[in-house]
Every structure is written in C-alpha cells, then in structure tokens.
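2 protein chains.
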Amino acid sequence: MTASDRTSTTGQPDYDRAEVRAVLAEAIAAGRTALTAPEGRRICAAYGIPTPGEALATSADQAAAQATQLGFPVVMKIVSPDILHKTEAGGVVVGVADADAARAAYQRIVANALAHRPDAAITGVQVQQLLTGGQEVIVGATTDPTFGKVVAFGLGGVLVEVLKDVTFRMAPISRAEAEGMLDDIAAAEVLRGVRGAAPVDAAGLAEVIARVGDLVTDFPQISEFDLNPVFATADGVCAADVRVLLDPEPAAPPPRPSEEDILRVMNRLMNPAAIAVIGASAEPGKIGNSVMRNLVDGGFAGQIFPINPRADEIMGHKVYRSVTDVPVDVDVAVFAVPAKLVPSALTECGHKGVPAAVLIPSGFAETGNTALQDEVVAIARQHGIRLLGPNIYGYYYTPRNLCATFCTPYDVTGGVALTSQSGGIGMAILGFSRTTRMGVSAIVGLGNKSDVDEDDLLTFFEHDDNTRCVAMHLEDLKDGRAFVETARRVTRRKPVVVLKAGRTALGARAASSHTGALAGDDKVYDDILRQAGVVRAPGLNEMLEYARGLPLLPTPAGENVVIITGAGGSGVLLSDACVDNGLRLMEIPDDLDAAFRRHIPPFGAAGNPIDITGGEPPSTYEATIRLGLTDPRVHALVLGYWHTIVTPPMVFAELTARVVAQARAEGIDKPVVASLAGDTEVEQACEHLFDHGIVAYPYTTERPVAVLGAKYRWARAAGLLGG
Amino acid sequence: MTASDRTSTTGQPDYDRAEVRAVLAEAIAAGRTALTAPEGRRICAAYGIPTPGEALATSADQAAAQATQLGFPVVMKIVSPDILHKTEAGGVVVGVADADAARAAYQRIVANALAHRPDAAITGVQVQQLLTGGQEVIVGATTDPTFGKVVAFGLGGVLVEVLKDVTFRMAPISRAEAEGMLDDIAAAEVLRGVRGAAPVDAAGLAEVIARVGDLVTDFPQISEFDLNPVFATADGVCAADVRVLLDPEPAAPPPRPSEEDILRVMNRLMNPAAIAVIGASAEPGKIGNSVMRNLVDGGFAGQIFPINPRADEIMGHKVYRSVTDVPVDVDVAVFAVPAKLVPSALTECGHKGVPAAVLIPSGFAETGNTALQDEVVAIARQHGIRLLGPNIYGYYYTPRNLCATFCTPYDVTGGVALTSQSGGIGMAILGFSRTTRMGVSAIVGLGNKSDVDEDDLLTFFEHDDNTRCVAMHLEDLKDGRAFVETARRVTRRKPVVVLKAGRTALGARAASSHTGALAGDDKVYDDILRQAGVVRAPGLNEMLEYARGLPLLPTPAGENVVIITGAGGSGVLLSDACVDNGLRLMEIPDDLDAAFRRHIPPFGAAGNPIDITGGEPPSTYEATIRLGLTDPRVHALVLGYWHTIVTPPMVFAELTARVVAQARAEGIDKPVVASLAGDTEVEQACEHLFDHGIVAYPYTTERPVAVLGAKYRWARAAGLLGG
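Protein chains in written order, with the numbering used here: chain C, 1 to 723; chain E, 724 to 1446.
Note that these hints are calculated values from the structure, not bench results. Take these hints with a grain of salt, some might be off.
As the list claims (entries may be wrong) - Dumping the calculated DSS-like pairs for lysine-lysine here, alpha-carbon to alpha-carbon at most 27 angstroms: (1) K523(C) - K887(E); (2) K523(C) - K478(C); (3) K1246(E) - K1201(E); (4) K340(C) - K318(C); (5) K523(C) - K1246(E); (6) K1246(E) - K164(C).
Let the hints inform the model, and build the full structure from the sequences given.
Following this line, the structure appears as structure tokens:
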C-alpha cells in the first residue's frame, strides 16, 4: 500500500491527531524523550505513513504463524522495556525464511535477551515483514535553531551518507514542494529509474514527505523524526524503521510584530521628518560630529536636532539638552554616545515618544556586554521603540538624502538597497558603490540586531518604490521563518540577493565567535533560502556585482540565451560560463541561423555562440545584435567583444547602447550583458555600457554571465519564465 | 588471492607478455575487435589481475567436485560456440549452494541448451566462484584523443554511474599514483570503511589499477579495457568481469623534437639578434606597419630588417626586397602579409636558413583553409623552420624589449609568461596587464598551433630565468603527453596556471566549431592536468589574477594559514574562502594564542581568525602581523582590513609593507595576502601593497584567498610542503 493510495479518494489526509496526542502524552508523562518502535509505528499509522506488516508474538508457535501470514522473509526482534540495544543483546534475527526458522529464532532471541540481562521483562518478539528491493531513501524532520521544523529527504545507504546528498525544506510543505525535493538531490536520476530499473512511486514518496512535514508542524514536541530507511519501489513506499525524539517543551516561535506595525515604524525610520542626534558634537573626529556633518552635508531636507547637554549650536542647528526638550515630534534618534549612556538617553526617547532609535555605539553583546544590551532592549520594549543596531555604522536612504552615519555621504540614487550585519562589510559596500557609481536606494547596518532585522527591512523595501532589488549580507537570522515568509513575498516582485557568511564549518565557527550567534547548518540555509526565491551570492564581490547589475537588467521572458561574439576564444569561455550559471544556450532555428549568417563572413560560425569573427566592422556587431534583440524567440544576449582597429572599444559601446536603446523605444527590453577583451580602453567602454543599462566587464568572461545567471535564478524562482 | 600477493616477494610484476601477445595476435588475425571472456581472463592471468576461480566441467559429477573445490556459492554457465546469449538459452544458474545443487544445475543447463538449440555443440559447463560482498569498483582504460592511454577508477553501482564519480590518470602509473586514485574520488571514504565496514585492500586495488596501466601501455592495440565490477574486500580484490576492445592499428604517438632541438630554436625566437618583418609597411593601419612600429617603439635592441619589394626605407630601416637579400643571419621572420603570400615568402626564409617564423596572418585552418595551412607546414618541415601561429597577434618578450605584434608595446618587466590560443584572450591579457601594471616576461599568441605549441613554450620558460610563473589559455592540446611530461618537470620549479576553455559540454562544442580541434573530455583534462602539477584556473579573470599574484608570493613552508582581521565580518568570509580554496586554518597553540591576546582588546577573539576588532590603532595591526610573520609555526597570513579613522587605508598599507619588508630583511619570507574593506581609498592602498609584494584586493574577501590557494595548490603538487 502506498501513502497516496490512502488519500487518492478524497485528496485530503485522514490524520488521526487524537492517536498521536495520546502516544505523545503517554511518553511525555513517563518522562521519556524517545518513542518505542511500536509507538513510532502508531504515529505513522495515524498519519498514513506506510510501515511493514508486523505482529507481536509471545510464543514460538505464534511467531511461526504470524510470520507465515506476513510472508517470508521476516525479521524478528526482542521487545523489552529493559533492552535498548537489541542487536547487542542478541535480540535481532534478520532474514527468517520459513516457519521452523521462525520458531527457532523466537527461542534464540528470548534466550539471548535473558542471558544478556537476566532480570529483563520480556514483552515478546516482534515479527516484521523484511523489506527488500527498491530504492532506500531517508525521510526525516528536525528542529533547526533558525528555521524551526525542517523536513529532510535523501537517498539511503552508505554512499549517500558519505556524499551527504540530502535536501531540506521548512515544514509544512505542499505535495508539489515535496515532489520538488525528489528532483533536488544530486542522484535524483536514480529515483527516475536507471539501468532498466522502474522509476519509484514519486507521488507516494512525496506524500510521505509531506505527511512528515504535517506531523511535526501539528506536534512541535516531536523534535526529531526519522524514517530510515524508506523502501521506495515502482508500486509504493514503505518506511522500514521509525525513530521519534521528543522535546516536551518546544521553544515557542519568536514574537513577531504585524506587517502593519513593522511598516509604520520603518516608514518613520526611513522617511523621517525630524531626526535627533543624541551626542551630537562640534568636535571633528567625534562620531557625533561625523553624524551631524553627514546629515547636513548629505542634504537631508527634514529637521535635525542635535542633543548635547554641553553645547548650544552645532553646524547652525540649535542644540537641546535632552530629546525631551525638542519642540516637535521626533521620528528617529541617532545615538552617538558611549554605550553606558544609552539606557538613560533611550529612556528619554521613550518619554518623548520617539518610535525608532539608531544605536551606532559598540560595547554591547559583541564585546560580551550582553547585560547592557538586554537592558537597552528592555527599555525599548517598555516604550515601544524599535532599535536599529547597536554596533553599526548607521544607515543611508538616498531618496531622502539621508546619511545618518559616521562614514561619508553617498548620493548616487538608484534601485538597490543593501544591508550588512558587519560594519566592515558595510564599508566595503560603500567603497564599491562609490567606485562603480552604483545606484543605491539604501545602505543599512544591522550590527547586533537587538531588534530590527532583515525581515523588517525586507518588509519596508517590498513597499518602497525606490527599491528594485535588495542585497543583504548576513551571518545569521534571528527568526528564519519570518525572513523566509517575507522573502517569499518580496521575491515575487523584486530580486533579493543574500550573502550568507559562515557557509563552511570553519566559517561558521568564526561566525559564532564573532556575534555569539549560532549559525545554522549551511545546507539547511542553502535549500531554504533558494526555496524562498532568494539569490544566494557565493562571496562578497558577487553580492556587490549582483547588486549593481540586477536592477539594470530587465526580466527575461524565457530561457533562450544567445551569445554573439567577435572573439571565438571568448565564445568558448562564455559558453562555459553559461553552463556554470545554469543558462540555456538557445538551439538556433534554421531560419534564424540563416538570418545571422547573412551578416557574418562565410567562415564565421553561426549556431550558438554566433562567432562573427575578429576583423568585422561596427555594422556586423550592430546587425547581429539588432537581430538578436528583435527576434522574439531570443530572450537574452551575451556579447563578446574583441578590441580591433576596425571596431574600437568606444565604437562598440556606443553602437551597442544605441541599438539597445532603439529596441527599448520599440518596446523590446531584453537583458544584455557583455564581456570586453582588449586593451585598457575597454574599461571606459564598459562604463559607457553600464551607464546605458548593459552589464559589461573587461578582462572577464565569467562575471557578466554570472550576473545574468543571477537574474535568471531570481526570475525562475519568481515564476516569471513560465515554467 | 590479491594481486599484491603475487608481487609481494619481488616487488616486480611477473607479466607474461608472450601470452598476451598470443591472445591478441589470434584475435586480430581472426579480424575480431573484441576478446571473448576466456581470452580476457587469460590476459588478466598473464598480468596478475585476479579473476574468480573457475573450471570447465564436462559431467555433472565433475561440476560438483569442481564447485566443492572452488568453494560455494558458485555460478554455472553453458560453454558452447553455438550459444551466444547464455541467459536466454537457460544456460546460466547463479548461486549454486552445494554439490547436489551443482549436479542438478549441470544437467539442467545442458538440457536447456539443447532444448534451445538442438544442434549446439556443448563444450561443457563453466563453474565459477560467485563473488559477493565487499565494494564494487570499476577499473578501466581507454584511448583518449589528447592523452593516449588513460586509466580510470571509480566505484561501481548505479549511484556512481549517476554521480559520475570517477578519476583518470595517464598510463602507465606507479603504484603510489594508483593508491592516490583511491583518494581522488568523492566517495573515497567508502573504501576506507564506513558504518563499521572494514577498509578494502587498498594496496591490492592499487596494484590492479597499476597493472591495467602497464597492460595498455605494453599493448597499444588494446583500445579499451574494462574490469567491471571488481569486488574489493578487506582481504583482496577480484575482477568479476573483463571486457577488452582492440584497435589493430593504434595511432602512433606524434613526432616530438628533442628538448635540445626545442630549446635551440626557442632561444633564437625569444632572444633574436636579427628580425625580418615580411610585409613591413610605411602605411599606418597596415599590420606590417604596426609590427614595425612596435618593434622600434618597444625598444628592441637587435637588428630589424623590413622586407617589402615596393619600399626603400621604413622608420629609418633599410628595406630589402626579399629575406634572402638580408646581409646577416636572421633569427626570426615575422609575417605580416596576406595568407596567400605566405608559402613563397616562407620558402625564401627556408633558403635563407631562418629558424623561426611568426605567422600573424589569418586565413588558414580557422577559416576552413586547411590546405593552405598544410602547405605552409610542409614547407616549414622541409626547411627545418619552426612556425608560431598562424592567426596570431604576435608575441612579446620584455627582457629583450621585443614587441613583435600588431597591438601596442608593453614594458612592465616581471616574472610571468602568458600564452593564449585565442587572439581575443591575448588582447584581454594585454589590457589587464596594462591596467594592473602586471610584471610580465612574455606574452605569446599560439593561434592555430600549426607547429609551436604549449610544450615548446613551456620548455623555453622552464630554462628562462626571467620567467617565474607561466599562465596559459588553451582550448586543446595537440600532444597531451608531451605537455604533461614537460609540465611535470616545469611545475617542480615554477607554477604553471592553465585556463582550459571548453570545460563544459556546451563549451566543448563551441571549441570544436572554433578551432576544429576535438576537445577532450573535461574530466580527463582536469585529473591529468592536476596530476601534472598544473594549477587550473576556473575562468579568465582567475587566470589573470593568479598570473599577477603568484610570482609575488613566496612559497609557503607549510600548511598553517592564519587570518588576522580588523573586521569580524571579513574574518567569517575569509574563513569561508579558506575552506573553499583548500587552505588549512592553523590551530593556534596556547602560547601563540596568549601572545596574540597581549596585543588585542579583551573582547577581541583570538583563535583563528584573530579578530583584533575594528577600532584599533596601527600599532595593533603592526604587532599582530609581526607576530604572525616571526612565529615559525605560522606559514601564511591572510589580512582583513577595516577602514577606520584610527587606521586609515594608506597607513595600514604602509605599515604592512614595512613589517613584511623588515621580516624579509631578516630572512623571513611568507606569503601575505589582504582583503581591504573600506571607502575608495582602499584601492590606492591595495596598489601600494601589490607594489610591495603583498597580494591585496578591495571589496572582495574571496580573491586574495583564491590567489593564496592557487599558490598552495602548486606548492603541494610540487612537493614543497613536505607532505
């Protein structure tokens, strides 16, 4: 019987929750943190998870009769509350082949058990169908510190244990998601049938996976749940062994403000009318001075209120002794005072009704002073203040010319919002932005994340029309579920790029010593972020390049990528890069091939890459690029330029920008990326192309394709490619 | 019995080559291209490759006796020249368990065979040990178009077939190399024993692999050889099935000039006293003009002879009508004439005794005109001229100020020699070199590689004291064995970086349409290049960055890498990058940990990364870097800088350069790389660091570690890390 059989008539699972509740209550009442095998099977039965036929024998003859009824071979195992390690006790016989053997096995098992532990209470001997054949797989669930209940699926057996070929999803999961898990392991082909084997019952297997997800969602006190192995054949699925661990007091999900509450405060934080600078200073070199100067020099148009008990005026702004003295409502208080002064000043903000505090100072949890951070968080909670930081460089929101930071102003307004958990990474973001003139909507430091975190910011950026793409550096997530739910929503509309640091075991160790945060297992992060539609950047530079490029590229309408290159050598490398980045080189239809051939020399190679050859004039580049843009079957272009006297770099850049602009004017907007091989003039040509919405790099064939690949990964996950 | 048993007494294989010769001769004489199973086993026996014990029975009683002697279970199979499909004929019984069963099986098999084909001649019934248990593996050999005979090893079974977990080596291979292959598959752990299983007989398995390598080397007419499956247990190794394919007329290895001959001509090519420019021109825009100008403007100190029947003087140099008119010996003739004029001019070079011709023109094999290329090659062979190209940009050799190219002069002399098969990639090399001021010894275009190829150049660079590192872009190798043998020699002394384009199936297709070269399977390239000690660059930009960085970094003395960072966030990402690049973060000994702690704030994290925290003055960076350099247990430093007011970028750069220089003056030279996070001033700081031998990048944590990782990969392969 397959699990899907059980649900085929109604389509709705027929869960017996009362039965599970009873099993768990009994075990927890007895102070146990693990279920027995029979209890595990009761739970499986209650959730329609198929297990092998079995019976409990209390005599040798009964064992023989039961085995005959179940069908040989069977496996027989001691059942005793006093014997935990059955194999060690000689309490297991595998492959019992007939009735006589069953009788003998019964007697041997009981005798061994009593020899092992003479005072053991013998409940009996379990007689169970021995499952063989089919494919061994593992279905399980565990409680992840970041994401809560997660479901795991992988192939069983020694090889996969070694190769760690397993995939995770946040529970609960739909049947469709569960079927997706089957395709998401490296050895997925095995399930589809190889070397003449029949494919396994994928629907039945997905059903079991989904039911496990439902079970641990319904019963959070199940901390770990293992079906290992599960035998999957063409005809059905059966879990040979069940292991259930309990946590009688599972952690409650973290409290979560409503989307409305988040938006209300985040809007005041990012679009403030009035900002107070706690610890504003006239003395250069002080943080309170840098913050004032950046607010003023950055051109913030709202009101600025310096707060300092020992000054009268700073940069032409009247100074107040306390934030409570400010005559108008204050939206944001930026703290530039030493850590120890934060609690009292924050209390005053509470009295004033300030909704958001930006805590630049360090000296909190990151230096081991968790008590002070806890105190500050408690004050904030008491007064309903949301906290950004502490231990941050501040934040930028360019549409408001808002530079509330001790760094330097940034004024290239554009579509990408960037956040960082670490100050150093924030500085790298700023430097990279400035040198590439990257168009930015916001740069926000999150630091210790005592309160405001990535999902608060994502919620704001989701509704912020100035932001078209979000890029986040993070080392941990305080509430993985909140992040995933928000990200799932946001990524349907805007790309979200995440650089998750601490990817590796060694990296995670460093993360732990840095923030005190327990970094989750990277494989869990990787699978779940991908499922949330997030584009994961493999490193810092990739995050920055994706951030720069993604908002410029329009969303492709389909998977057909075409390479047009003046350098055959670049064409080969660009092809390599396409495959590395999961892009599909279009099979060029005959008529389109013929059309391209009309523009290129007879020894040039059509097909894909289209090699226009090296010595061609601007008109050849122009004609072939135009053809690629105007043919509706082509969805994205990768250009390979080769510096020649006949078509110098700026000529190529200008013609490409012009042809792309003409196409846009005609309503054709396809992503175009370019790799420029040539002398240093190609650098200026790349800048010109970037300025015109074409992602272009010199001296690399990989980077432009990687950015296009990131756009595709997002578009696929967002369901924008129609399949 | 294991194969190693057979050789344990002498250490020398006891091959029976006469037996193999006889088997092959018989099969080839009969016009067969495959051996029968018994022939395959004869070959295995001759080369000491264990196969299951077996015997031929001609009666039921004999079968029972033989089976008893071989040990049960056995498999029994009909032997008849008239029955090809044994199973179909009912001629196979597997798992015969005792003597009675053997008798019965004999009778059943013969009866079935005669029922299937009444007129069949029955030779008898084969009785064979049935192999079970242990680990199934595959050992094979094939004939690769690039590398000739290669040996393959992988795990057997469906999963590995799906996951393609297999490794290759060029035959013959030593026993040590063969043991290395066991560690070189992803699932290597399986062979070492997992889940309580005993490790397999690694020495025995390696012996079989090595013997297969010897066999196909001794008998090139064996085109393919498969042992599949081989059963490997703790006690021994046995090949259950053998498949041998023959090629009666195997391709002869390509002719190869002696190292002496190569060096003699390459020295005249790279260090010429006199150069003739065939097709020199006074007309700007002509290639023959560009080449002249670059030779002159580049500052070449030797003699330059323009050749042109219609000119008298070009750039102050007397023009000759033919190269035969030049009054002195000419070392190099650079061709800047249309393709069709090359044969006659090359013939004149032959008469003149010019040893090397540089063929810039295109219009040969790359445009389909292979006939013209063949003609040119034939002329060159006839006159003993070595050819560079055709279809190239020319070449540079900076120690001689030699710029024989139509591009632009390049004059930053340094330690890296770069070569490219494609002109576009050559232009990217030139642009990148110029913008990064990369110190270069040579840049050489190889184009169609009608004659001179990578191993000729490697041989020259091996002996060239101006070259400390070689970086090569290639799409194919004309003679993989020659390249590997040369590379093995060179990489013991200098890093060789290779960007092999056409890595992926799609990429390889493009390579094929570009050069007409048949690109080999990438996995074969990957394994064999690695075995040759070559550092493979994953992409163009990496090749260029490795080329720039490797000559600057001293060779590390050991595996202990230490990260010192001012930004905890960078520390996490640098740790990730170290793991990604196979670097080992040192476990810091207690005394060294205490020594670091003396320099950093109490809340900073020692351990590794050493997080000195963000607000520290220059003295903290200086003290910790000095400590890392002077402690002899530390072998390489990775620095993470965070831009602050307290320690601005150039202050960090200058102090780091100074401390490293001081250490060098004291005889301590360790590789130091740095990642700089900060505002745009970090770019200038990185340049300063590069100028002082420290590989440093802004806005990336990955790139500096990748360059260090490449240095380590080379040093390990060259055996310089002592294990």
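Status of each hint after checking the structure:
no.	hint	verdict
1	K523(C) - K887(E)	holds, 22 angstroms
2	K523(C) - K478(C)	holds, 17 angstroms
3	K1246(E) - K1201(E)	holds, 17 angstroms
4	K340(C) - K318(C)	holds, 25 angstroms
5	K523(C) - K1246(E)	holds, 26 angstroms
6	K1246(E) - K164(C)	holds, 22 angstroms
In the structure shown, no violation is registered for any of the earlier numbered hints.
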